[in-house]
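Undergrad: Protein chains in written order, with this note's numbering: chain A, 7 to 444; chain B, 10 to 333.
If you are wondering where the hints come from, they were derived from the structure by calculation, not from laboratory data.
Every residue, glycine too, gets a C-beta built ideally from N, C-alpha and C.
Take these hints with a grain of salt, some might be off.
Said to hold, decoys possible - Among chain B residues calculated to face chain A with C-beta under 10 Å, some are:
#	residue
1	99
2	101
3	154
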Amino acid sequence: MRTPRKGHPGRTAALLCAAVLATGLAGCGGDGGGDGQGSSGGRTTLNLGLFGVMGYEEAGLFKEYEAQHPDIRIKSTSTADEQNYYRTLQTRLAANSGLADIQALEVGRIREVATVQSAKFTDMSTAAGVKEDGWLPWKWAQAKAPDGKVIGLGTDIGPMAICYRKDMFAKAGLPTDRQAVAGLWSSGWDAYVEAGRKFKKDYPDRKVAYMDTASGLNNAMTASAARQYYDADGKAIYKDNPLVRKAWTLSTQAARDGLTAKLRQFDTAWDQGFSNSRFATVVCPAWMTAHIADKAGPANKDKWDVAAPPAGANWGGSFLAVPATGKHVKEAQALAAWLTAPEQEAKLFEEQGLFPSSTGAISASGVSAAKLAYFNNAPIGKIFGDSAKSIPVAVLGPKDGAIKDSISNGIQLVEQQGKSPEDAWKATTKTIDKDVIG
Amino acid sequence: MAAPALTDTHDAPAPVPQAPPGRTRRSLSDWLDRTAAPYAYVTPFFAVFAAFGLYPLLYTGWISLHRVELQTPDRREWVGLGNYTEMLVDDRFWNALWNTFTIGVISTVPQLLMALGLAHLLNYKLRGSAFFRVAVLTPHATSVAAGTLVFSLMFGRDFGMINWLLDLVGVHPVDWESGHWTSQIAIGSIVTWRWTGYNALVYLAAMQSVPTDLYEASAIDGASRWQQFRKVTIPSLRPTILFTVVVSTIGATQLFGEPLLFGGTAGARGGTDGQYQTLGVLLYQQGWALFHFGRAAAIAWAMFLILILIAAVNALVSRRLRRA
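Use the sequences and the hints to build the structure in full.
TA: Structural data, given as structure tokens:
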């Protein structure tokens, strides 16, 4: 610099740097997983990107497959929270790098991926050993892209039941036998809430709530309808759907009557609620039983039981998809087909409580006769199997998952923030229209 | 007065290497050495800055003029300033801006006051002073995620330690996370916990450069310790205080990790009702939870402009301070 200047280039640059860091979009990488692609020492390594607890590792299926195929090695990474998993998957799809050979997809996302991004995945319907009639028809159809391509094979489904605390029901003077408990609410969800009013009145400890969350109830009620947030033409109709409103009204009413523990599902506080016995019932899909057993712990073994729900409904369940850009597409498809074959899905149910979507597995004797030791030896094969049979063939849309999250949040506005159901509904629909649909 | 920490050293005319007359055409190596080398030395910084600072900044600006979704990044729809006008009429943006400000005040003001007091105490001759100096810095060495998770357990409604302590003294449990001010206080306390020690050490370093004769002279005049602190220490620290205020303000504007993780599953919304949604969290929600990149980019630019504004105010204040 020839002349002393009045400016402060050093500081301006530093602030500019700080500001750029603030923009956040600068550093948008993932965690750099998905490496190790390729073959080493004559063995092919297949990477799996999973979320939550999908049970393959736990049930020893990877080891079994490796033993049958000495030339294959399997590596898997699992993200606990599906939202984080999907976010990472989307950034990797956008960057077209870091993808695993097999990627799991949740049912709330499957329509979005199938309608918008089917080109990035291979057609599983043509993979070796895959037959359409091997799966429940609606499960198969959910992964079908508009051009007829099937982008994922069904793993589990989430038929729901009611998990309840026998000991707490006894203290509240309610029946404890699972048949009689199911009879309490056989007439519908209103009766389930009505039983809660009695529970609240007669249970000695104010700190114990009847159900964990109002959003769980809302979610189950909505899921027991065939038409939920979208109509068959793919138009978002959640606002005008009387069933969605009815679910909203009943669950916010339950919240205002103090029947809920005012929690958010999958928060730490919710897990603590299981271990500290803070609520008596949870609407539980099959896959949640493992979570409950884990969080409630050995101290609460045999206190939990499972009863048939007021109506059959599905929550959750996943698919295995093979990205088209993978280096080992054929091997990956073979592994995905094997993992979703009847024998393996049956094993996953018996060991992990993940209810099969494969028709062959559903009718297998091991599945229909399965009992769950933690839940007082409840015949989960029969209870979830019956529930699965009455699941309506639901119309799904691309943003189902995001709409469901927003509505759950809206119910928490009533439950935790004390807003009126009308105000919360207005705020929620406004948010959905702006953020999700718009 | 010593040179204020924030004023630069560029004001002093730097010695300019000039070729002596008559020897203007020297060898190439000499030209390289005298004229080209300085540019070569500063190039790495500017190259890295251009790649990782300027380019993302401009690209973000370009994105902000489009409607872009993460699922279909190659499909861009030009919307001009649409994302900005939409942002300015969205009450969530103003809510986030206001929250950023209030959480910033809640976390910065007590933090800097405590840091000042702490530095004053550490400035006394203490047994094991090195231990204390390291100890105050340990929270800063803890990761945001680890610290926040522990705090969110402590502030838990049903099984948190703080509610348990309140219960012992007969106070009703507080639902920290769902309340507006309670959640902001909880988040502010995480920030305060992490940064107080750091600022205390900055103040301590500045205090130790205050000439001792000032204290001696004031002691002869009969000043008490408190008067010394107010009349000698604080004025000498003024540039340093300004520095920490600016750095804390920038940090507060970018506050992100603490509210996101404090909220658990509602973190990306900044709480069920957005009660602790900061600008950083709003950006994250729009970009990474809802995949609206255009909107997220517009928020990013709004934050950038706010930081420029803060920098401008700082420049004005420090200039005035220097003249005073």
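Undergrad: Hint by hint, say whether it matches the structure.
TA: Quick rundown of the hints versus the structure:
A least Cβ separation of about 8 Å between residue 99 of chain B and chain A falls short of the 10 Å threshold, and the interface hint therefore holds. Interface hint status for residue 101 of chain B: upheld, as the beta-carbon distance to the closest one in chain A is roughly 8 Å, under 10 Å. At a threshold of 10 Å, the smallest CB-CB gap from residue 154 of chain B to chain A is about 13 Å, leaving the interface hint violated.
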